[in-house]
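Q: Listed below are the residues making up each chain.
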Amino acid sequence: MVYVTGVGLVNVDRHYDKSTRRLAFEASTAALESSMAEGVDFIIVASSISYLHEPQLDLASYIASSMGLRGVRSITVECGEASGLAAVMTAKALIDSGQASRVLVVGVDKLSEYPSWRVYKNLSLLYDTESDAFYSIGLGGIAGLLMRLYMNVYNVDRLTLAYWPALMHQNAKANPYAMLRFAITPEKVLEAQPVAEPLTLLDTFPLGDGAAALVLEGKASRGVLAEIVDVESATGYQSIALSDDPLKIESLEVAYGRLVERTGMGSVDVVELHDSFTITGILILETLRFTERGKAAEAVAQGVFSVGGEGPVVNPSGGLKARGHPIGATGVYQVAEVALQLAGEFPGLKVDGARSGLVVSINAMGSSSYVAYMRAVG
Amino acid sequence: MGEWSSARVWRSRVYRYRLIAGRCRSCGRAHYPPANACPYCGSRDLDEVELPRVGRLISYSVVYATPFEDRDRSPVVIGLIDLGIARLVAEVVDVKPGDLRVGDRVEAVFRRIAVDGNTGLIVYGIKFRPVRVG
Ligand SMILES: [Zn+2]
Numbered sequence: 001m002v003y004v005t006g007v008g009l010v011n012v013d014r015h016y017d018k019s020t021r022r023l024a025f026e027a028s029t030a031a032l033e034s035s036m037a038e039g040v041d042f043i044i045v046a047s048s049i050s051y052l053h054e055p056q057l058d059l060a061s062y063i064a065s066s067m068g069l070r071g072v073r074s075i076t077v078e079c080g081e082a083s084g085l086a087a088v089m090t091a092k093a094l095i096d097s098g099q100a101s102r103v104l105v106v107g108v109d110k111l112s113e114y115p116s117w118r119v120y121k122n123l124s125l126l127y128d129t130e131s132d133a134f135y136s137i138g139l140g141g142i143a144g145l146l147m148r149l150y151m152n153v154y155n156v157d158r159l160t161l162a163y164w165p166a167l168m169h170q171n172a173k174a175n176p177y178a179m180l181r182f183a184i185t186p187e188k189v190l191e192a193q194p195v196a197e198p199l200t201l202l203d204t205f206p207l208g209d210g211a212a213a214l215v216l217e218g219k220a221s222r223g224v225l226a227e228i229v230d231v232e233s234a235t236g237y238q239s240i241a242l243s244d245d246p247l248k249i250e251s252l253e254v255a256y257g258r259l260v261e262r263t264g265m266g267s268v269d270v271v272e273l274h275d276s277f278t279i280t281g282i283l284i285l286e287t288l289r290f291t292e293r294g295k296a297a298e299a300v301a302q303g304v305f306s307v308g309g310e311g312p313v314v315n316p317s318g319g320l321k322a323r324g325h326p327i328g329a330t331g332v333y334q335v336a337e338v339a340l341q342l343a344g345e346f347p348g349l350k351v352d353g354a355r356s357g358l359v360v361s362i363n364a365m366g367s368s369s370y371v372a373y374m375r376a377v378g
Numbered sequence: 001m002g003e004w005s006s007a008r009v010w011r012s013r014v015y016r017y018r019l020i021a022g023r024c025r026s027c028g029r030a031h032y033p034p035a036n037a038c039p040y041c042g043s044r045d046l047d048e049v050e051l052p053r054v055g056r057l058i059s060y061s062v063v064y065a066t067p068f069e070d071r072d073r074s075p076v077v078i079g080l081i082d083l084g085i086a087r088l089v090a091e092v093v094d095v096k097p098g099d100l101r102v103g104d105r106v107e108a109v110f111r112r113i114a115v116d117g118n119t120g121l122i123v124y125g126i127k128f129r130p131v132r133v134g
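Going down the list, the sequences are from chains B and F.
Numbering of the first sequence is given in our numbering, commencing with residue 1 and proceeding in unit increments.
Numbering of the second sequence is given in our numbering, commencing with residue 1 and proceeding in unit increments.
These are computed hints drawn from the structure, not numbers from a lab.
Incorrect hints may appear among the rest.
[Stated by the list, open to error] Just so you have them, the derived chain F footprint on chain B, three or more residues with Cβ under 8 Å:
#1 139–146
#2 192–205
#3 285–294
#4 298–306
Since the structure is predicted, the reported quantities are computational estimates derived from the model, not experimental observations.
Backbone N, C-alpha and C fix where the C-beta goes; we use that ideal spot for every residue, glycine too.
So here's chain B without its partners, still in its complex pose (with noise of 0.2 Å):
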């Protein structure tokens, strides 16, 4: 059993003015108090393009010392985009295992260091740079060529596949920690400038800063925010061009058949997923089958998704379309916000009475995919 116990989040911003270890620090102490811990064993830092940005080698002792944890326990985890998730797998192993009782997770990353053009060389390293990532892909070269090949085999249209950033956008207004807190039209995403022709720059996230925190207990004496019941993962192809199927994540479809064997779990009421693009996002939910193939985009022009729909909510935050992706953090935020949510705290659009959630990571179109399921207590 793991318990989240505190949360700590930095809205996520262009912030010039914090280092790195500022970020982390900020949603450390918020994760820290909220908890009241006193002390813990380990600090996992997740964090993966500061690498590039603010260049820092074994990075979480650095940032243990700088926030006065001396002599703690410390470990980076570095797993791409997915970074997050597999920090808070870490933590709930070395929970489980008996070798910690409270760990902090810390993911932090900043994309605002830099003009786009050079973050989107060093995000293309997501990618396999023996492979795709060899040619200038750049922010979405092969986002792009999935969501034309999503259009010609389903026979859907470009407008339809502009409803999820429309309800991203819509969801992440009454966000507090979101980015872009105001509401689009599908029309606009059409209209805005192409970044990876059929996806233009309202169908990807804003190159945003954050950092979030999670303290993590085995024992739930107080103030207990939710349950991780289980984190799964899987490996994928290193190139779409390697599947036979490349509209299927198939790390994120193994990843969550053994999360479902394991745990047992049916549906959930909440769902934040990794929708670094509008066709990352619709192919995770056609993954995990909650649509038919092809007829995510449909369903959520719909509002299957949307509070009140028949699906589970996905993406109350405004995933990483409106809240934001700082790359290493944003497994971390999912947690926080599903355990937020869980308890009936979390401080934007609310998913009312619910009792279970899932967080779905995956790097790049899945070199590796994170899955978690959360449960409420009491």
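Fit chain F with the ligand to the supplied structure of chain B, relying on the hints for placement.
A: This is chain F with the ligand only, laid out in the frame that chain B set:
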């Protein structure tokens, strides 16, 4: 692409200059670029096979959000290409993005991939272009 040392460029020359793929002796499937084990069955019993140089475009994206060094040739077209026994992702050149169609026949051409701004190292490799009709 990221930073490449001259040793790294040299190591990858064979499959970058010719379309040499790995082929699994166990399950028979091919993969590009060659890996240490078969991505499908995990076997390490592999040999090499040269891929056909002509294939079909399964899908493509016109990338505007390119790194700085590619700005002068932006937008860059990135294609998913079916070569029969294997697929790969590669850049598609010598075409106006608006003239490209899914299903087009494309052929491999040898081109410059990148120039390292610090060292002047030039990286070459294979791109694809539409097959001219007639
Ligand atoms: Zn094989």
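Q: So, for every hint listed, does it hold in this structure?
A: Evaluated hints:
Residues of the segment 139–146 of chain B lying with their CB closer than 8 Å to a CB of chain F number 8, which satisfies the three-residue condition for coverage. A count of 7 residues in the segment 192–205 of chain B with a Cβ less than 8 Å from any Cβ of chain F is obtained; the coverage claim is therefore met, three being the minimum. Requiring three or more residues with a Cβ within less than 8 Å of a Cβ of chain F, the coverage given for the segment 285–294 of chain B is violated, as only 0 such residues are present. Evaluation of the coverage hint for the segment 298–306 of chain B: breached, as 0 residues show C-beta separations to chain F shorter than 8 Å, against a requirement of three.
Checked against the numbered hints given earlier, the structure breaks hints 3, 4 and satisfies all the rest.
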